[in-house]
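2 protein chains.
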Amino acid sequence: MAKTRRVCHLLLRFLAFAATLAAVIMMATSHETATIFTVSFEAKYTNSPAFKYFVIAYSVITVYGFLVLFLPAKSLLWQLVVALDLVFTMLVVSSFSASLAIAQVGKKGNSDAGWLPICDSVPKYCDQATRALIAGFIAMIIYIILLLHSIHTVIDPLLLRKS
Amino acid sequence: MAKTRRVCHLLLRFLAFAATLAAVIMMATSHETATIFTVSFEAKYTNSPAFKYFVIAYSVITVYGFLVLFLPAKSLLWQLVVALDLVFTMLVVSSFSASLAIAQVGKKGNSDAGWLPICDSVPKYCDQATRALIAGFIAMIIYIILLLHSIHTVIDPLLLRKS
Chain Y
28 MAKTRRVCHL
38 LLRFLAFAAT
48 LAAVIMMATS
58 HETATIFTVS
68 FEAKYTNSPA
78 FKYFVIAYSV
88 ITVYGFLVLF
98 LPAKSLLWQL
108 VVALDLVFTM
118 LVVSSFSASL
128 AIAQVGKKGN
138 SDAGWLPICD
148 SVPKYCDQAT
158 RALIAGFIAM
168 IIYIILLLHS
178 IHTVIDPLLL
188 RKS
Chain P
28 MAKTRRVCHL
38 LLRFLAFAAT
48 LAAVIMMATS
58 HETATIFTVS
68 FEAKYTNSPA
78 FKYFVIAYSV
88 ITVYGFLVLF
98 LPAKSLLWQL
108 VVALDLVFTM
118 LVVSSFSASL
128 AIAQVGKKGN
138 SDAGWLPICD
148 SVPKYCDQAT
158 RALIAGFIAM
168 IIYIILLLHS
178 IHTVIDPLLL
188 RKS
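In the order they appear, the protein sequences are chains Y and P. Here the first sequence is numbered in my numbering, starting from 28 and rising by one per residue. Here the second sequence is numbered in my numbering, starting from 28 and rising by one per residue.
Please keep in mind that the hints were generated in silico from the structure rather than gathered at the bench. The structure displayed is predicted, hence computed values, not measured ones. Check the hints yourself; a few may be wrong.
A pair counts as met if it fits within one copy or between any two copies, since identical chains are not told apart.
[Said to hold, decoys possible] Taking lysine to aspartate or glutamate and the DMTMM-like style, the derived pairs with C-alpha atoms no more than 25 Å apart in a straight line are:
#1 Lys134 <-> Glu69
#2 Lys71 <-> Asp147
#3 Lys79 <-> Glu59
#4 Lys30 <-> Glu59
#5 Lys71 <-> Asp154
#6 Lys151 <-> Glu59
#7 Lys135 <-> Asp147
#8 Lys135 <-> Glu69
#9 Lys135 <-> Glu59
Next comes chain Y alone, as it looks inside the complex:
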């Protein structure tokens, strides 16, 4: 039973690692050059602070997710992992939300602010950024599940009454 749970846990962590890695690669390699009237411009993730934040945050959690895969089952560092999971999940939630907000403006624009959608001019760039956000969303959900599971495991009514 304990072994099955351990395998499930590692599998979820591996999936999260793969999803964050895919999100970073897709977001970092997304670029497209478009010409509107006579002005040529290149759409890439460095144009938007939110997308830069996405790439940095997801890179950090990719490295972290990779390292945690090699942590021995009996290590006392697992205590620290719960706190680190929390901090890194916050980072992922934050960068995902910021990027989604910007992507929404890129897709739909904002008529009140006079911001036009850009996805008609750079459809390939938009598609790839969307795929990066989907991978990022999957990773985020897995990390939230891992975190809720950790909290469920470590919170024991007896312990709470003691403290």
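Fit chain P to the supplied structure of chain Y, relying on the hints for placement.
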């Protein structure tokens, strides 16, 4: 000692509640009418999906924060509060990040996407949204501190070795 900690904990929760309430009120009441050339437009939070999300998420956590203030110290529901704290803190981090990303575009614009800053046209609206974001940031930090403290309290090496 336990009583001092309990008072500190309640004080932090009250501050978080006050900050989320202030953030909701400031964001929801922010509006300004501006005339650019001959076009008149009203800037208000409902113009942006991210700001609407901010108001909804912070309203939810304001109600939650208010209810938790009246939870008895010995209640077994405190176990549930740790998990709820986690979910609601994620919600707050997410809505704050999305709103900050949009506010950044509103303030600085994005020359690559051709999105012009709007804060020069509606400075009062921008100032009030900024104040709402500052209150939201304070609330977010307090909830993260509460969450890290809960995790620190409930994670006991002995328990982890048992599980």
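Hint by hint, here is what the structure shows:
{"no.": "1", "hint": "Lys134 <-> Glu69", "result": "both (17 Å within a copy, 23 Å between copies)"}
{"no.": "2", "hint": "Lys71 <-> Asp147", "result": "within (15 Å within a copy, 27 Å between copies)"}
{"no.": "3", "hint": "Lys79 <-> Glu59", "result": "within (16 Å within a copy, 31 Å between copies)"}
{"no.": "4", "hint": "Lys30 <-> Glu59", "result": "neither (47 Å within a copy, 60 Å between copies)"}
{"no.": "5", "hint": "Lys71 <-> Asp154", "result": "within (12 Å within a copy, 30 Å between copies)"}
{"no.": "6", "hint": "Lys151 <-> Glu59", "result": "within (7 Å within a copy, 37 Å between copies)"}
{"no.": "7", "hint": "Lys135 <-> Asp147", "result": "both (10 Å within a copy, 23 Å between copies)"}
{"no.": "8", "hint": "Lys135 <-> Glu69", "result": "both (19 Å within a copy, 19 Å between copies)"}
{"no.": "9", "hint": "Lys135 <-> Glu59", "result": "both (19 Å within a copy, 23 Å between copies)"}
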